[in-house]
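Undergrad: Quick mapping for you: the protein sequence lines, in order, are chains A and B.
Using the numbering used here, the letters of the first sequence map in sequence onto residues 1 to 168.
Using the numbering used here, the letters of the second sequence map in sequence onto residues 1 to 168.
It cannot be assumed that every hint is accurate.
Said to hold, decoys possible - Below, a list of computed lysine to aspartate or glutamate pairs in the DMTMM-like style, where the Cα atoms sit at most 25 Å apart:
no., chain 1, residue 1, chain 2, residue 2
1, B, 103, A, 55
2, B, 71, A, 122
3, B, 33, A, 122
4, A, 103, B, 128
5, B, 103, A, 148
6, B, 71, A, 55
7, A, 29, B, 55
8, B, 29, A, 128
9, A, 33, A, 14
10, B, 33, A, 83
11, B, 29, A, 55
12, A, 33, B, 30
13, B, 103, A, 83
14, A, 103, B, 118
15, B, 29, A, 105
16, A, 29, B, 148
17, B, 29, A, 146
18, A, 29, B, 64
19, A, 29, B, 30
20, A, 103, B, 14
21, A, 103, B, 148
22, A, 103, B, 136
23, B, 33, A, 128
24, B, 103, B, 146
25, A, 71, B, 148
26, B, 103, B, 148
27, A, 33, B, 148
28, B, 33, A, 146
29, B, 29, A, 64
30, B, 103, A, 122
31, B, 103, A, 105
Since the hints were derived computationally from the structure, they do not count as laboratory data.
Just so you know, these numbers come straight off a predicted model, no measurement behind them.
There are 2 protein chains.
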Amino acid sequence: MSEHVEEQGSANQEGLGTHIVTQIALVVKDINKTIDAYCRVLGLPRPGVMITDAENANATYRGEPTNAQAKLAFFNLGQVTLELIEPLPGGGGSVWQEVLDAKGEGVHHIAFNIQGTDQVTDHLAAHDIPVIQQGDYTGGMYTYVDSEPVLGVMLELLENFPEDEGGD
Amino acid sequence: MSEHVEEQGSANQEGLGTHIVTQIALVVKDINKTIDAYCRVLGLPRPGVMITDAENANATYRGEPTNAQAKLAFFNLGQVTLELIEPLPGGGGSVWQEVLDAKGEGVHHIAFNIQGTDQVTDHLAAHDIPVIQQGDYTGGMYTYVDSEPVLGVMLELLENFPEDEGGD
Numbered sequence: 001m002s003e004h005v006e007e008q009g010s011a012n013q014e015g016l017g018t019h020i021v022t023q024i025a026l027v028v029k030d031i032n033k034t035i036d037a038y039c040r041v042l043g044l045p046r047p048g049v050m051i052t053d054a055e056n057a058n059a060t061y062r063g064e065p066t067n068a069q070a071k072l073a074f075f076n077l078g079q080v081t082l083e084l085i086e087p088l089p090g091g092g093g094s095v096w097q098e099v100l101d102a103k104g105e106g107v108h109h110i111a112f113n114i115q116g117t118d119q120v121t122d123h124l125a126a127h128d129i130p131v132i133q134q135g136d137y138t139g140g141m142y143t144y145v146d147s148e149p150v151l152g153v154m155l156e157l158l159e160n161f162p163e164d165e166g167g168d
Numbered sequence: 001m002s003e004h005v006e007e008q009g010s011a012n013q014e015g016l017g018t019h020i021v022t023q024i025a026l027v028v029k030d031i032n033k034t035i036d037a038y039c040r041v042l043g044l045p046r047p048g049v050m051i052t053d054a055e056n057a058n059a060t061y062r063g064e065p066t067n068a069q070a071k072l073a074f075f076n077l078g079q080v081t082l083e084l085i086e087p088l089p090g091g092g093g094s095v096w097q098e099v100l101d102a103k104g105e106g107v108h109h110i111a112f113n114i115q116g117t118d119q120v121t122d123h124l125a126a127h128d129i130p131v132i133q134q135g136d137y138t139g140g141m142y143t144y145v146d147s148e149p150v151l152g153v154m155l156e157l158l159e160n161f162p163e164d165e166g167g168d
């Protein structure tokens with residue numbers, strides 16, 4: 001069935017190439033306050049807080065370069081990670097601040113770990129779902145797409161690159 | 001550590017008794033339209049649509065009995081089920097219609113499968129998280145709690161009862 005692999009275009013892209021959701025993310029105003037609440041109410045172990053790296057992210061937001069940053073924290077909920085995002089002031093626009101300004105605290109996106117970001121974003125664009133924000137993190141890249149009007153929730157695509165890429 | 005089991009109260013309730021999230025739910029205006037979108041965009045198999053049973057639900061919404069109903073559909077996203085909820089008109093108030101009216105289409109709740117609903121709701125009430133809506137389904141009961149102000153998202157507690165309960 002897969003003897004002829006289509007090398008170009010997204011005609012044969014079957015959805016995201018995965019149906020396994022790996023992340024639920026909330027945007028919040030005060031990450032430490034929300035961490036406190038989850039630890040207290042759900043009895044979860046306290047996670048560390050990291051700050052995204054603007055310098056090496058090569059990020060774009062709505063087509064323009066941005067140095068926006070956010071504080072992040074992650075709780076393990078089994079297959080799914082609960083991510084908390086607190087956008088930091090300055091540095092440029094971000095979909096994190098956009099959602100917080102428009103809707104207040106709450107669910108920001110659900111994420112899927114995918115392969116072949118370009119093929120997947122081509123597939124989504126063909127379904128009227130454009131890229132909003134894209135950038136790198138250590139070992140991979142993330143892409144937020146404007147899927148809420150179609151799917152009722154924003155999607156994030158996470159692509160982790162092979163560790164030994166180009167090692168010979 | 002658990003030799004002395006506390007039989008009463010919620011003093012020893014550790015969070016929800018689980019950290020495994022099992023459901024992400026969206027409230028939508030037209031469930032078939034949203035099902036179409038998920039099947040088309042994510043390449044998911046088309047699920048059936050069911051209507052909740054008002055007659056046997058013994059449901060309460062904000063402390064009053066309700067016969068509210070909704071159409072439901074479920075997609076398998078791995079550990080997590082994506083639930084779509086379309087509230088139906090008539091029958092009384094519901095947290096489904098309340099969220100749709102207040103915020104439009106989008107994420108309604110995340111769910112955990114728990115044991116001992118009363119202990120868990122006592123624990124949550126002690127953290128200023130009251131019950132909003134509660135009812136039965138075949139083989140179990142559901143409880144929505146007003147956790148959004150504290151946790152940034154509404155929680156649903158799902159308790160499936162043992163099948164052979166009272167069988168002797």
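Undergrad: Indicate, hint by hint, whether the structure satisfies it.
TA: Tested hints:
1. 103/B - 55/A: 36 Å, violated
2. 71/B - 122/A: Not satisfied, since the Cα-Cα distance of roughly 33 Å exceeds 25 Å.
3. 33/B - 122/A: 22 Å, holds
4. 103/A - 128/B: Roughly 23 Å between the alpha carbons, so the hint for residue 103/A and residue 128/B holds.
5. 103/B - 148/A: Roughly 13 Å between the alpha carbons, so the hint for residue 103/B and residue 148/A holds.
6. 71/B - 55/A: Violated: residue 71/B and residue 55/A sit about 47 Å apart, past 25 Å.
7. 29/A - 55/B: 42 Å, violated
8. 29/B - 128/A: Satisfied, since the Cα-Cα distance of roughly 20 Å is no more than 25 Å.
9. 33/A - 14/A: 40 Å, violated
10. 33/B - 83/A: With Cα atoms ~29 Å apart, residue 33/B and residue 83/A exceed 25 Å; violated.
11. 29/B - 55/A: Violated: residue 29/B and residue 55/A sit about 42 Å apart, past 25 Å.
12. 33/A - 30/B: Violated, at roughly 36 Å.
13. 103/B - 83/A: Measuring from Cα to Cα gives roughly 22 Å; hence the hint holds.
14. 103/A - 118/B: 32 Å, violated
15. 29/B - 105/A: 23 Å, holds
16. 29/A - 148/B: Given that 25 Å is the threshold and the Cα spacing comes to 14 Å, the pair holds.
17. 29/B - 146/A: Holds, at roughly 19 Å.
18. 29/A - 64/B: Violated. Residue 29/A to residue 64/B sits at ~34 Å, over the 25 Å cutoff.
19. 29/A - 30/B: Violated: residue 29/A and residue 30/B sit about 32 Å apart, past 25 Å.
20. 103/A - 14/B: 31 Å, violated
21. 103/A - 148/B: 13 Å, holds
22. 103/A - 136/B: 32 Å, violated
23. 33/B - 128/A: Holds. Residue 33/B to residue 128/A sits at ~15 Å (cutoff 25 Å).
24. 103/B - 146/B: 15 Å, holds
25. 71/A - 148/B: 20 Å, holds
26. 103/B - 148/B: Answer holds: residue 103/B to residue 148/B is near 13 Å, not above 25 Å.
27. 33/A - 148/B: Roughly 14 Å separates the two Cα atoms, so the pair holds.
28. 33/B - 146/A: 18 Å, holds
29. 29/B - 64/A: 34 Å, violated
30. 103/B - 122/A: 30 Å, violated
31. 103/B - 105/A: Holds - the C-alpha atoms of residue 105/A and residue 103/B are around 12 Å apart, at most 25 Å.
Of the numbered hints stated above, those contradicted by the structure are hints 1, 2, 6, 7, 9, 10, 11, 12, 14, 18, 19, 20, 22, 29 and 30, listed in ascending order.
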